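S.K.: In terms of the UniProt record's numbering, the sequence shown is residues 1 to 423.
One or more of the hints may lead you astray.
Subject to a maximum C-alpha distance of 16 angstroms in a straight line, what follows is the list of computed EDC-like cross-link-like pairs (lysine to aspartate or glutamate) [claimed, not checked]:
#, residue 1, residue 2
1, Lys278, Glu347
2, Lys371, Glu397
3, Lys278, Glu19
4, Lys401, Glu367
5, Lys51, Asp65
6, Lys66, Glu127
7, Lys56, Asp88
8, Lys66, Glu30
9, Lys230, Glu347
10, Lys278, Glu252
11, Lys9, Glu19
12, Lys107, Glu165
13, Lys378, Glu411
14, Lys317, Glu348
15, Lys110, Glu181
16, Lys420, Glu347
17, Lys56, Glu19
18, Lys63, Glu53
19, Lys278, Glu18
20, Lys263, Glu181
21, Lys153, Glu172
22, Lys378, Asp388
23, Lys153, Glu181
24, Lys110, Glu165
25, Lys230, Glu127
26, Lys317, Glu259
27, Lys178, Glu259
28, Lys362, Glu397
29, Lys230, Glu348
30, Lys63, Glu84
31, Lys371, Glu396
32, Lys228, Glu348
33, Lys107, Glu53
Treat the hints as calculated values from the structure; they're not laboratory data.
None of these values were measured; they are calculated from a predicted model.
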Amino acid sequence: MRAIGVIRKSRGERWSREEFEELLRSAGYEILAIVEQVREEHPRYNIGPGKLEEVKKLVKELKPDKVIFANRLTPSQAYNLWKELRVDIIDKWQLVLEIFEKRAHSKEAKLQVELANLQYELPLVKEAIRRIKMGDRAGFKGMGEYQVHQYLKHIKYRMGRIKGELEKIRAEREIRRKKREEEGFVLIALAGYTNAGKSTLLNALTGEDIEAKNQMFTTLDTTTRRFKVKGKMLLVTDTVGFIDGLPPFIVEAFHSTLEEIVKADIIILVLDASEPWKEIRRKLFASLNVLRELKALDRPMIVALNKVDLISDEDAKEKELLVRETIDGRANTVGVARISAKLNQLEELYNLIEVALSRLPKFQTFEIRVKDPSKLGKVLSMVHSMGDLLEVEYSEETKIKAYIQTGLIRELTKLGVSLKRIS
């Protein structure tokens, strides 16, 4: 597939041409040309009429399969552009959905992508119906009037079905989440801009081999694995990557996946430290905006500056300081860690996870008394797996002082031991 890309930005607006080109390549397009314009949005075409003529000449000369806009197009603008250029017109968010379609593997991910696509198409079909009523017979994707109306009914019906199926999956996930909470597990969610290295970090933390490629939106399926930090058993979840200006219809479609961030006890916000500060800052604000939409900024947050192996120590320290200054007061930040997930350099991150855990009510210090010697081995094993063993006093009744997850209380009580909270 061959495409011409179009970027229009207002003065002072943040846009990354490199990111747009990377999106095009990730979707499998050969980039024939990129046209840029700095001006306020034209209500009819998004770009100005003069720039439209330039694009029209390129279409005739290069014969692309699509013209792809980096801006969000209104249904009316998409239609007007199609009438002028007579080639498929899509915008950045339809491009993102094309990438999502390629990456979706699980049933849930496929349903979420389909829902987002239908939510995107809905206003386009309504615009087609509006124009048909005005006497314009262009239709939608070559459909006649009757077909367009039937397609609108199909979209609404299918959206209802998908939402119902996603609600069932969400309910099942909620049951699993509550069970984990009852067992005392702490959930850590990896969040951040696409291609920041979240999947590589999950692999480094857990010793897994989850697919992690240097490309955008590798992860669409929620992945949860166990790992230990200084004897404490934790859960870590990888989630779909963010992108600047993530529209509400994508957030809504992926709500059940993004909900893992909202329900997490701790959030690790991953940033790519190898990028210029201007890009890091842009992506940091984009990530914070999504977390704000999800109402997740009150969660304890660790910022992980990843890929520090690609930059100097001096550069890494300077970027750490800039991140601290930028995020101060904007989130419930525990601290900033310089890491290399690829080289498994995670000591600073482990230390901050320890600090975050100490602030959670799920961990408390108990005195555990074990009367039955046959149960002692199992009690010690459970304490080691879900907390820290502080001291043991052996006698007829063994006394154990331990810092454990409160969810372990019920399991220990089943063994017939007595517990007394110390702090």
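S.K.: If a hint holds in the structure, say so; if it does not, say that too.
M.R.: The hints, checked one at a time:
About 27 angstroms separates the Cα atoms of Lys278 and Glu347, which puts this hinted pair outside 16 angstroms; it is violated. Simply put, Lys371 and Glu397 have alpha-carbon atoms about 5 angstroms apart, close enough for the 16 angstroms limit, and the pair holds. With a CA separation close to 13 angstroms, the supplied pair Lys278 and Glu19 stays within the 16 angstroms bound. This hinted pair checks out: Lys401 and Glu367 have alpha carbons roughly 5 angstroms apart, not beyond 16 angstroms.
Under the criterion of a C-alpha separation no larger than 16 angstroms, the hint pairing Lys51 with Asp65 is inconsistent with the structure, at around 19 angstroms. Between Lys66 and Glu127 the alpha-carbon distance is near 20 angstroms, which puts this suggested pair outside the 16 angstroms criterion. The suggested pairing of Lys56 with Asp88 holds, with an alpha-carbon distance near 13 angstroms, which does not exceed 16 angstroms. At most 16 angstroms may separate the alpha-carbon atoms for a hinted pair to count; Lys66 and Glu30 meet this at roughly 10 angstroms.
Restraint check: the Cα-Cα separation between Lys230 and Glu347 comes to about 11 angstroms, which is no more than 16 angstroms; the hinted pair holds. Under the criterion of a C-alpha separation no larger than 16 angstroms, the hint pairing Lys278 with Glu252 is inconsistent with the structure, at around 29 angstroms. For the hint pairing Lys9 with Glu19, the CA-to-CA distance comes to about 14 angstroms; that is within 16 angstroms, so the pair holds. For the suggested pair Lys107 and Glu165, the alpha carbons sit about 10 angstroms apart, so the restraint of at most 16 angstroms is met.
In summary, the hint linking Lys378 to Glu411 is supported, as the alpha carbons are separated by about 11 angstroms, within the 16 angstroms threshold. With a CA separation close to 13 angstroms, the supplied pair Lys317 and Glu348 stays within the 16 angstroms bound. With a C-alpha separation of about 28 angstroms, the suggested pair Lys110 and Glu181 falls outside the 16 angstroms cut-off, and the hint is violated. At most 16 angstroms may separate the alpha-carbon atoms for a hinted pair to count; Lys420 and Glu347 exceed this at roughly 33 angstroms.
For a cut-off of 16 angstroms, the pair hint linking Lys56 to Glu19 is broken: about 24 angstroms separates their Cα positions. Distance restraint check for Lys63 and Glu53: the Cα-Cα separation of roughly 15 angstroms lies within the 16 angstroms cut-off, and the hinted pair is therefore satisfied. Taken as a hint, the Lys278 and Glu18 pair is honoured in the structure, with Cα atoms around 13 angstroms apart against an allowance of 16 angstroms. At roughly 11 angstroms between alpha-carbon atoms, Lys263 and Glu181 fall within 16 angstroms of each other, so this suggested pair holds.
Proximity of Lys153 to Glu172 is assessed by CA-CA distance (about 29 angstroms); at most 16 angstroms being required, the pair is judged violated. A hinted pair counts as satisfied when its Cα atoms are at most 16 angstroms apart, and Lys378 with Asp388 qualifies at roughly 15 angstroms. Distance check on the hinted pair: Lys153 and Glu181 sit about 42 angstroms apart at the alpha-carbon level, beyond 16 angstroms; violated. Taken as a hint, the Lys110 and Glu165 pair is honoured in the structure, with Cα atoms around 11 angstroms apart against an allowance of 16 angstroms.
Of the supplied pair hints, the one linking Lys230 and Glu127 is violated, its CA atoms being roughly 58 angstroms apart against a limit of 16 angstroms. Only pairs whose Cα atoms come within 16 angstroms are accepted, and Lys317 paired with Glu259 is rejected, the gap being roughly 33 angstroms. Taking the CA atoms of Lys178 and Glu259, the gap is about 14 angstroms. The hint holds against a cut of 16 angstroms. Under the criterion of a C-alpha separation no larger than 16 angstroms, the hint pairing Lys362 with Glu397 is inconsistent with the structure, at around 27 angstroms.
Proximity of Lys230 to Glu348 is assessed by CA-CA distance (about 13 angstroms); at most 16 angstroms being required, the pair is judged to hold. The hinted pair formed by Lys63 and Glu84 meets the criterion: a straight-line CA distance of about 14 angstroms does not exceed 16 angstroms. Simply put, Lys371 and Glu396 have alpha-carbon atoms about 7 angstroms apart, close enough for the 16 angstroms limit, and the pair holds. For the hint linking Lys228 to Glu348, the alpha-carbon distance of about 15 angstroms falls within 16 angstroms, and the restraint holds.
This hinted pair does not check out: Lys107 and Glu53 have alpha carbons roughly 44 angstroms apart, beyond 16 angstroms.
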